[in-house]
Amino acid sequence: MRNRLTDSWGRLLIYLGGCLAFSTGAAFFIHSDLGTDPLDVFALGLQEQLPVTIGIAQATVAAVCIAIWSLWNRRRPVVSPFFTFLFCGSLIDLLRWLNAAGYVPVPNVAIMLLGTVLCTYGSALIIMSGVGIRAMDLVAITMVQRWRWPFWAAKLSLEMVLLVSGYVMGGPVGVGTVCFLIFVDILIQPCMWLNRRLFALPNHGLPSVQSA
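Note that full-length UniProt numbering has the sequence shown beginning at 1, numbered continuously upward.
Hints were generated in silico from the structure; no laboratory data involved. Be aware that a few hints might be false.
To be verified - Estimated spans, in silico, between C-beta atoms of each pair:
no.: 1; residue 1: L16; residue 2: V117; range: 14 to 20 Å
no.: 2; residue 1: P77; residue 2: A200; range: 29 to 35 Å
no.: 3; residue 1: I68; residue 2: A100; range: 32 to 38 Å
no.: 4; residue 1: W149; residue 2: T53; range: 29 to 35 Å
Beta carbons: idealized from backbone N, C-alpha and C, even for Gly.
Put together the whole structure using the sequences plus the hints.
See below:
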């Protein structure tokens, strides 16, 4: 019982650390003003076609991903990804209000690269915690389990769908978008592997990486 309680607290700490790292990275990424991530490209593109807010567009993507995950796995829809969505969004708003990125005296390109690293590592921690895994990552994990794809390939394919769809609808694409697509999506899996090897962190979200 005690070990289970300790494990639960450990997973929660990993999750919160992941949310903080991801949100800080996202705030830095936005501050750099060098492009948006694929989800925002889709949201902004949809906004060009329909009278919706970015929040509604992103929540719609999350709902669709959860529905796909639920039907594919024949399980009830989960609500924890929506908490992560709201929690990280609130942290990003707070960090932008505090102008956290403004206290880092480096050029915008360096801010973007630092944000990319933080988003990558934060995403890896959230998945490894097995708590509140983001909706798109749930679908990517299912693709890994069902089709034996590497996680990076599954994640990259989903992000590409959003990117192309958003671009066709008029969403903005910049150098930061390409940077996010390549580095964040491809490096999440190696980050999980390194966390396991260097820090002995268990991977509750994607155990197959743990044994790789």
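The hints, checked one at a time:
{"no.": "1", "hint": "L16 with V117: 14 to 20 Å", "in the structure": "19 Å, holds"}
{"no.": "2", "hint": "P77 with A200: 29 to 35 Å", "in the structure": "33 Å, holds"}
{"no.": "3", "hint": "I68 with A100: 32 to 38 Å", "in the structure": "34 Å, holds"}
{"no.": "4", "hint": "W149 with T53: 29 to 35 Å", "in the structure": "33 Å, holds"}
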